[in-house]
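Student: Those sequence lines, one after another, are chains A and B.
If you read the first sequence in the working numbering, its first letter stands for residue 89, the second for the next number, and so on.
If you read the second sequence in the working numbering, its first letter stands for residue 17, the second for the next number, and so on.
Read the hints as simulated data drawn from the structure, not as lab findings.
Just so you know, these numbers come straight off a predicted model, no measurement behind them.
Among the clues, some could well be false.
[To be verified] Which residues of chain A face chain B? A partial, calculated answer using Cβ under 8 Å: (1) LEU140; (2) PRO177; (3) LYS302; (4) PRO332; (5) GLY349.
Every residue, glycine too, gets a C-beta built ideally from N, C-alpha and C.
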Amino acid sequence: MWESVKEFASEFFVTGDPLIYGADVSIVLSMIAIVSVLTYFKKWGWLWREWLTTVDHKKIGIMYILASVLMLFRGGVDALLMRAQLVMPEMQFLSGDHYNQIFTTHGVIMILFMAMPLMFGLFNVIVPLQLGARDVAFPFLNALSFWLFFSGAMLFNLSFVIGGSPDAGWLAYPPYSELAFNPGPGQDFYIWGIQISGIGSLMTGINFIVTILKVRAPGLTLMKMPMFSWSVLSSCIAIVFAFPILTVTLALLFIDRYLGGHFFTLDGGGNPMMYINLIWMWGHPEVYIIVLPAFGIFSEIVATFSRKKLFGYKSMVFAMIIISVLSFLVWAHHFFTMGSGADVNAFFAVTTMLIAIPTGVKVFNWLFTMFRGKITFETPMLWTVGIIPNFVIGGMTGVLLSVAPADFQYHNSYFLVAHFHQVIIAGVVFGFFAGLYYWWPKIFGFMLNERIGRWAFWLWNIGFYLCFMPQYALGLMGMTRRLYTYGWDKGWFEMNLVSTIGAVIMGAAFLVQIWDIAHSIKHMKKDTTGDPWNARTLEWSIPSPAPFYNFAVMPQVTSQDDWHERKLRIEQGLEKPAKVELEPIHMPKNSGIPIVMSMFWFFVGFGLIFDWLWMAVPGFIGVLACMVAHSFNYDTDYYITVEEIKRTEAEAGRVIT
Amino acid sequence: MANVNAGHHDHHPDQEELRTFAFWIYLMTDVILFATLFATYIVLQGSTDGGPGPKDLFQMNGIYASTFILLTSSFTSGLAILAMNKGNRLALMNWLAVTIFLGASFLFLEINEFMHLVSEGATISTSAFLTAFYTLVGTHGLHVTLGIGWMIIVIMQIAKRGITPVTKRKVNIISLFWHFLDIVWIFVFTIVYVMGVN
Ligand code: HEM
Ligand SMILES: [Cu+2]
Chain A
89 MWESVKEFAS EFFVTGDPLI YGADVSIVLS MIAIVSVLTY FKKWGWLWRE WLTTVDHKKI
149 GIMYILASVL MLFRGGVDAL LMRAQLVMPE MQFLSGDHYN QIFTTHGVIM ILFMAMPLMF
209 GLFNVIVPLQ LGARDVAFPF LNALSFWLFF SGAMLFNLSF VIGGSPDAGW LAYPPYSELA
269 FNPGPGQDFY IWGIQISGIG SLMTGINFIV TILKVRAPGL TLMKMPMFSW SVLSSCIAIV
329 FAFPILTVTL ALLFIDRYLG GHFFTLDGGG NPMMYINLIW MWGHPEVYII VLPAFGIFSE
389 IVATFSRKKL FGYKSMVFAM IIISVLSFLV WAHHFFTMGS GADVNAFFAV TTMLIAIPTG
449 VKVFNWLFTM FRGKITFETP MLWTVGIIPN FVIGGMTGVL LSVAPADFQY HNSYFLVAHF
509 HQVIIAGVVF GFFAGLYYWW PKIFGFMLNE RIGRWAFWLW NIGFYLCFMP QYALGLMGMT
569 RRLYTYGWDK GWFEMNLVST IGAVIMGAAF LVQIWDIAHS IKHMKKDTTG DPWNARTLEW
629 SIPSPAPFYN FAVMPQVTSQ DDWHERKLRI EQGLEKPAKV ELEPIHMPKN SGIPIVMSMF
689 WFFVGFGLIF DWLWMAVPGF IGVLACMVAH SFNYDTDYYI TVEEIKRTEA EAGRVIT
Chain B
17 MANVNAGHHD HHPDQEELRT FAFWIYLMTD VILFATLFAT YIVLQGSTDG GPGPKDLFQM
77 NGIYASTFIL LTSSFTSGLA ILAMNKGNRL ALMNWLAVTI FLGASFLFLE INEFMHLVSE
137 GATISTSAFL TAFYTLVGTH GLHVTLGIGW MIIVIMQIAK RGITPVTKRK VNIISLFWHF
197 LDIVWIFVFT IVYVMGVN
């Protein structure tokens, strides 16, 4: 008996690596710490009522942001481990197998469990406020999306200590990701972690499309809508078209692995290249899904801190729509070397180059917005200005890669690695950072320290250039991606050393940001105005943090940048703060179903990963039961009274007569 | 100041309309899901790996029967909507029940077909063609199964609450879903079966 328990445990838990034992210990310790703190301060009920069952878009957004910062930490540690291994030739720090696992989890976590939730966090916190809405169209579905993301992310991260991590790269190309070559549970963790959270992303996409198209304040026509909301709309349209492809692709891989199918196997007539087509039909749109909202953020910030209306509003909108359409027509540029023939490659090379045009339009619009503006460089603007040269380099190296014959040289080299980090870190992540700095006071109600924020900005940027510029050169010198060691004879040592130093600086920059937050909490500087940047859009017209019902009175929108115009009118005495009549507000009730249902999904995933039907089947029944329970529940909303609105507004320093 | 919003007292957009709209978007995602499956099927159709192909396996009589049954069920779900719009709760429930019965018969025939194929040695792991076949047709079958379960739940709610704006929207949506499955089946019928045996 004891023997079989021991044998099971040695296969179930990942053993043999001191790094992982260290992680085990710290996971257990932090779990104990969390549980005891919650119990000691009797906070379980509060946690459940205020957070775990909430359907408030702002709280859901905060949970997304928190989770993504944790994932940024985990993915960042992975990155530092890889850079440590590569710091000099013939390093003996990580084994080849371990290295494979780390770049795989790094890629998946950074794109799917860091960039995506950070983006969804910003969608959630800001979009309803920009639209002058009380919430998203479907608050319950919104909570469900979050918890699905969360349980998918937890499932994926569990592979680190239980069962073993996936090691087939962030897109899990077959045949290596097939059962024959990759029998362990790691690859199944990959499939189910992404599948479960992917369903959540798909639902978020639907939710925000409906919200933006149907739940706007009276008078806020589409062509008056703030650019961030436009970027969210275009990103969500791409989500809705791209994510079903991912769902199918992962399901097919699972069928191969679990039911002995032959979609992508080498035998039985399978076609591994089909997987690569399918995954990139999702994968390329995915990179635009995450970068479009960053474009939206820049547009908001540039206008606010240049004290000018955004230049070329219409062309921005069209550029975004064109990008989200074109992003579906370029996927084969990820495998020009597959041998599809000259005509196919030529088509995809041209579509890829075409995307650079609308992207360029956007960059010029930002520059023209700044032109003759009264620019000030608070942290959000600093990030935005810093990103422009970054993104220009990223875009230009992208165009270089899109030249199909030349790509035979660049493909799978460090040149490519440098390119996509340039667009993803210096475009997407920095863009989301800019958004976080910008909307921080609105989300949390206090200001971040500007001086520490500047330090973080410079450290991130210097670290970034040090880390990735040498990688372009290394790629041209023949260093290929996913390589875990190299010899002294290659001449790659110095550049790799510099690159690792850059990575460490970025790690330090992350810590500075955490310090910034801690420092600002300690020296709490509340945002009492609700509009600390003197900004232009509706979210700044209400107190910070926004009251749970957002707008005490529905705003009447008459123009683009409505809040800015309203401030001007009040200043000129054309509009007096109107006497308003409050009405009871219709609100959705909290619900425990999303978190419970996502827990059941977790069991489904975990059970299928280990082939434990005794866990997967009840899990699935639980999922169905939750759906039925929700369908039968007609008691989903309530009204807040006028007195309560008055009280809440007064607490936020606004007197309503 | 006059209340500018006097027209609609509650600023909440009509929830039932929002849900119907969202469902259309969901259907679009399902279209893409099936489109992807059709694409993989078409790619792998000829990859029989020396095993049996469509011509050796498909028996069209059963397929004609199940096609006829599913098309009829789409019609009866339409009759349910008509009954609902006339406010006839009993007829609504009855037509939904008939639809469920036809859907279940369709499923029965499909499972039968699959069991027959398996007994002939044509399983999901025989060849890429069969993997793609079972996945595509099975996904449609899974949708039908879910649709049936969902319809049962809707009937129970109508029985309890009658025809309200909420149950009305639910019936509209499920019947939309049902017609959608019908359309997908027409593609399965044409691309997989008819073009397979010809
Ligand atoms: C002007 C815009 C862009 C162009 C022309 C472009 C072009 C390309 C090309 C041709 C490749 C394939 C290189 C190869 O495998 O040899 C590539 C890879 C990649 N790009 Fe871009 N790109 C652009 C923007 C972006 C953006 C905005 C993102 C993300 C936010 C992005 C993320 C990626 C990623 C993740 C890869 C590598 C994936 C892999 O092979 O693992 N790209 N890009
Ligand atoms: Cu691409």
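Student: With reference to the structure, classify each hint as holding or not holding.
Tutor: Cross-check of the supplied hints:
1. Given hint, LEU140/A at the interface with chain B, is violated; its Cβ is 24 Å from that chain's nearest Cβ, farther than 8 Å.
2. At about 44 Å, the closest approach between the beta carbon of PRO177/A and any beta carbon in chain B exceeds 8 Å, and the interface hint on this residue is violated.
3. Restraint check, LYS302/A versus chain B: the minimum CB separation of about 6 Å is within 8 Å; hint holds.
4. Taking 8 Å as the C-beta contact cut-off toward chain B, the hint placing PRO332/A at the interface holds, the least distance being around 4 Å.
5. Hint on GLY349/A holds. Least Cβ distance to chain B is approximately 4 Å, under the 8 Å limit.
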